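Can you make the complete structure from the sequences, with help from the hints?
Residue numbers (this note's numbering), protein chains in the order written: chain A, 1 to 339; chain B, 340 to 642.
There could be a bad hint or two in this list.
[Claimed, not checked] Covered stretches of chain B, going by a simulated chain A footprint (3 or more residues, C-beta under 8 angstroms):
(1) 581 to 592
(2) 621 to 634
[Claimed, not checked] If the Cβ cut is set under 8 angstroms, some of the chain B residues that face chain A in the computed set are:
(3) F436
(4) L449
(5) V451
(6) L457
(7) D460
(8) D461
(9) R464
(10) W467
(11) F471
(12) L512
[What the hints assert, rightly or not] So these bits of chain B aren't anywhere near chain A, every CB distance computed over 12 angstroms:
(13) S413
(14) M465
(15) V482
(16) F486
(17) A488
(18) P493
(19) A507
(20) R518
(21) R524
(22) S534
(23) P570
(24) G571
(25) S575
(26) P614
(27) L615
None of these hints come from the bench; they were simulated from the model.
Nothing here was measured: the structure is a model prediction, and the numbers come from that model.
For glycine and all other residues, C-beta sits at the position ideal for the given N, C-alpha and C.
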Amino acid sequence: MTELQAGQGAQPLEVPRIDARPQRYRDVLIALAAFALLALLPFIFGSKQLLDFVIRCAAYGLFATSLNLLVGYTGLISFGHGMFFGLGAYGFGLMMQKTGVAIPVAFVATLAMTFVVAVVIGAICVRLKEIYFAFVTLAFQMLIHSTILSWQSLTGGDQGLRGGIPRPPFLGIDLSNHLHLYITSCALLVIGLFLMRQIAQSPFGYTLRMIRDNATRASFIGIDVWRAKLTIFVLAALFAATGGMIMALFVSGAYPEFAYWTISGEGIFINMLGGVTTFLGPMVGTMLFLILNDTVTRLTEYHGIVLGIVILFFAIGLRKGLMDFAVEWFAQRRGEGRG
Amino acid sequence: MILVDLDALASCLVSPACLVTQTTSGLIIGMLLFLVAVGLTLIFGVLKVVNFSHGAFYMFGAYFAMTAYQLTGSFALAMLSGAVGTAILGLIFERVFMSRVYGRDVLMQLLVCYAFVLIFDDVVRMVWGPEFKSMGMPAAFQVPPLFIAGGVVPPYYLLLIGVALAAAVVLGLGLARSRIGKVIRAAAHNPGMVSALGINTGLIYGGVFALGGMLAGLAGALAAPVRSLTPGMGFSVLIESFIVTVIGGMGSILGALIGALLIGLIRSFGSLGFPLFTEGLMYLFMVIVLVSRPTGLFGKEVA
Numbered sequence: 001m002t003e004l005q006a007g008q009g010a011q012p013l014e015v016p017r018i019d020a021r022p023q024r025y026r027d028v029l030i031a032l033a034a035f036a037l038l039a040l041l042p043f044i045f046g047s048k049q050l051l052d053f054v055i056r057c058a059a060y061g062l063f064a065t066s067l068n069l070l071v072g073y074t075g076l077i078s079f080g081h082g083m084f085f086g087l088g089a090y091g092f093g094l095m096m097q098k099t100g101v102a103i104p105v106a107f108v109a110t111l112a113m114t115f116v117v118a119v120v121i122g123a124i125c126v127r128l129k130e131i132y133f134a135f136v137t138l139a140f141q142m143l144i145h146s147t148i149l150s151w152q153s154l155t156g157g158d159q160g161l162r163g164g165i166p167r168p169p170f171l172g173i174d175l176s177n178h179l180h181l182y183i184t185s186c187a188l189l190v191i192g193l194f195l196m197r198q199i200a201q202s203p204f205g206y207t208l209r210m211i212r213d214n215a216t217r218a219s220f221i222g223i224d225v226w227r228a229k230l231t232i233f234v235l236a237a238l239f240a241a242t243g244g245m246i247m248a249l250f251v252s253g254a255y256p257e258f259a260y261w262t263i264s265g266e267g268i269f270i271n272m273l274g275g276v277t278t279f280l281g282p283m284v285g286t287m288l289f290l291i292l293n294d295t296v297t298r299l300t301e302y303h304g305i306v307l308g309i310v311i312l313f314f315a316i317g318l319r320k321g322l323m324d325f326a327v328e329w330f331a332q333r334r335g336e337g338r339g
Numbered sequence: 340m341i342l343v344d345l346d347a348l349a350s351c352l353v354s355p356a357c358l359v360t361q362t363t364s365g366l367i368i369g370m371l372l373f374l375v376a377v378g379l380t381l382i383f384g385v386l387k388v389v390n391f392s393h394g395a396f397y398m399f400g401a402y403f404a405m406t407a408y409q410l411t412g413s414f415a416l417a418m419l420s421g422a423v424g425t426a427i428l429g430l431i432f433e434r435v436f437m438s439r440v441y442g443r444d445v446l447m448q449l450l451v452c453y454a455f456v457l458i459f460d461d462v463v464r465m466v467w468g469p470e471f472k473s474m475g476m477p478a479a480f481q482v483p484p485l486f487i488a489g490g491v492v493p494p495y496y497l498l499l500i501g502v503a504l505a506a507a508v509v510l511g512l513g514l515a516r517s518r519i520g521k522v523i524r525a526a527a528h529n530p531g532m533v534s535a536l537g538i539n540t541g542l543i544y545g546g547v548f549a550l551g552g553m554l555a556g557l558a559g560a561l562a563a564p565v566r567s568l569t570p571g572m573g574f575s576v577l578i579e580s581f582i583v584t585v586i587g588g589m590g591s592i593l594g595a596l597i598g599a600l601l602i603g604l605i606r607s608f609g610s611l612g613f614p615l616f617t618e619g620l621m622y623l624f625m626v627i628v629l630v631s632r633p634t635g636l637f638g639k640e641v642a
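Below, the structure written as structure tokens:
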């Protein structure tokens with residue numbers, strides 16, 4: 001039995017309600033409330049640093065949550081998910097620099113490009129078993145990274161996309177204005193999380209959980225496992241690319257580091273930190289990771305050692321993410337209250 | 340910018356001198372990859388984990404060799420310290436950390452290794468500094484190159500190929516014939532039964548990990564005179580040797596050898612014909628093998 005199943009086994013699997021509408025209304029309300037709260041933030045605390053932090057949380061959070069759709073929900077441990085983050089950043093940046101189309105057009109075009117790449121790579125990868133899947137996705141990440149480095153005339157090589165990304169205003173939104181960029185990032189984050197939540201709670205989402213727990217049984221009852229895995233691989237890639245686009249807008253450029261394997265490693269670490277058994281675990285993990293990373297980078301130039309030790313502490317010591325602990329603690333308390 | 344240069348490739352294929360030069364450089368890449376990949380495949384075969392931090396052993400082997408060479412001036416001692424140092428490191432790493440995650444989620448195994456990739460790279464940065472280093476060619480090999488059919492072959496290349504081939508033969512025969520080899524193969528097949536027969540499987544696991552680390556360290560030490568040393572140098576080698584094991588089949592030593600040689604030759608000849616797509620060729624080859632034979636050229640179906 002794997003660790004994931006063990007964590008799941010502690011509580012009976014939540015059975016989807018036959019009428020999913022009340023839950024969807026609840027999700028809409030939560031999403032609207034979260035967006036309102038985030039939108040009010042700049043008027044309460046005017047600090048630019050805080051807003052920057054939230055924008056980075058949006059970029060990394062979409063990336064990490066989409067990775068959890070693969071790791072936590074489907075049991076596909078992708079070690080190359082960061083390639084779509086990088087593709088999103090480069091695709092969007094290049095589109096804006098070279099063609100000068102409107103931002104929404106570039107946004108949709110980048111998603112379309114990511115879709116095509118993800119279908120091709122996914123079709124090759126999802127046939128493979130656990131460790132092979134992890135490494136072959138990683139290999140593709142390295143291929144994309146080395147392509148970005150060697151295709152200098154297009155991508156600027158190791159210098160990245162320089163000269164800034166033009167951000168012409170559209171529909172009254174001017175993304176070169178920091179506040180507008182902040183609100184747009186928050187909107188993308190909330191919409192992205194809402195959509196991923198709907199995927200996770202849909203019948204398709206429960207099919208994914210079944211594939212994770214027992215792929216053989218799933219295929220016996222008539223589920224096309226390969227197609228389901230490919231579908232979630234591509235969907236997750238689209239959300240990761242959205243995260244990459246937010247990042248490109250934020251730094252007004254794209255750098256090879258966005259497509260380097262360490263981004264994927266960080267994504268896995270974020271999921272571990274927050275926990276993969278809850279939907280919002282990766283979001284909590286993202287915030288913790290960014291705070292941790294910023295603090296450590298400020299204190300020492302050897303932040304790899306510190307991060308490595310933290311990872312070891314979680315992987316060998318705790319064996320769970322923080323949100324997993326929180327959920328268990330609540331479940332225990334509720335159990336005591338009843339008894 | 341030239342993407343495809345088939346003329347260069349064709350004119351090389353008909354010239355003996357160019358053929359010899361390119362083949363030797365392909366063999367060098369292939370042999371170094373083989374030493375790293377065979378450790379990876381051995382560890383996977385017996386311990387059922389993919390050592391994601393295997394590239395770090397290659398890196399440490401190179402740095403240990405450089406330091407030993409600078410201190411003693413002896414090339415043999417440099418090779419020895421590269422191999423032995425990484426063997427000890429592998430043993431400690433396996434006993435203290437990896438042994439805690441056997442049989443657990445692949446995610447945990449990858450995370451522990453990922454943590455050590457970060458830690459090891461920073462340790463190297465701390466001890467040896469972040470800049471590029473080079474060991475320099477040992478004095479014994481600073482002799483004029485050999486000319487074989489008009490192609491240039493530095494003598495050091497011959498030594499490198501010889502050492503790697505010797506390692507392949509010793510390893511292959513040792514696993515097939517010797518008692519320890521049989522015990523290792525038995526432990527790969529059924530560790531519970533081996534341990535019930537009174538054999539310390541923990542010791543075997545540690546030993547196999549040390550052996551794998553030693554081979555990667557030896558590869559690093561052999562590469563030190565001809566490549567530049569930098570923290571993180573192990574990672575691209577790790578990816579390439581993983582591709583080698585995917586092509587050859589996980590757990591197969593012969594597969595690792597053939598896969599490594601194929602990748603080496605693809606790299607050296609590919610750089611003539613497809614200068615910007617050399618890496619891509621490697622991946623393309625991997626994809627073709629994966630699609631047509633998912634278990635690799637020499638792999639058996641893993642249950």
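To see whether the hints hold, each was checked on the structure:
1. 581 to 592: With 4 residues close enough to chain A, the hint holds.
2. 621 to 634: holds (count 6)
3. F436: holds, 7 angstroms
4. L449: holds, 6 angstroms
5. V451: holds, 5 angstroms
6. L457: holds, 4 angstroms
7. D460: holds, 6 angstroms
8. D461: Where the cut-off is 8 angstroms and the nearest Cβ of chain A is about 4 angstroms from D461 of chain B, the hint holds.
9. R464: holds, 7 angstroms
10. W467: violated, 13 angstroms
11. F471: Check failed: Cβ of F471 of chain B comes no nearer than 15 angstroms to chain A, outside 8 angstroms.
12. L512: At 29 angstroms from the nearest chain A Cβ, L512 of chain B fails the 8 angstroms test, so the hint is violated.
13. S413: holds, 32 angstroms
14. M465: The claim breaks: M465 of chain B does not keep its Cβ more than 12 angstroms from every Cβ of chain A (closest is about 6 angstroms).
15. V482: Fine: 35 angstroms to the nearest Cβ keeps V482 of chain B off the interface.
16. F486: Consistent with the label, F486 of chain B stays out of reach of chain A, its closest Cβ about 33 angstroms off (over 12 angstroms).
17. A488: holds, 32 angstroms
18. P493: The claim stands: P493 of chain B keeps its Cβ more than 12 angstroms from every Cβ of chain A (closest is about 27 angstroms).
19. A507: Label holds. Min Cβ-Cβ 23 angstroms, cutoff 12 angstroms.
20. R518: About 30 angstroms separates R518 of chain B from the closest Cβ of chain A, which puts it past 12 angstroms; holds.
21. R524: holds, 21 angstroms
22. S534: holds, 21 angstroms
23. P570: Contrary to the label, P570 of chain B does not stay out of reach of chain A, its closest Cβ about 9 angstroms off (not over 12 angstroms).
24. G571: Contrary to the label, G571 of chain B does not stay out of reach of chain A, its closest Cβ about 10 angstroms off (not over 12 angstroms).
25. S575: Given that some Cβ of chain A is not farther than 12 angstroms from that of S575 of chain B, nearest at about 7 angstroms, it is violated.
26. P614: violated, 9 angstroms
27. L615: violated, 6 angstroms
Consistency note: the structure conflicts with the earlier hints numbered 10, 11, 12, 14, 23, 24, 25, 26 and 27.
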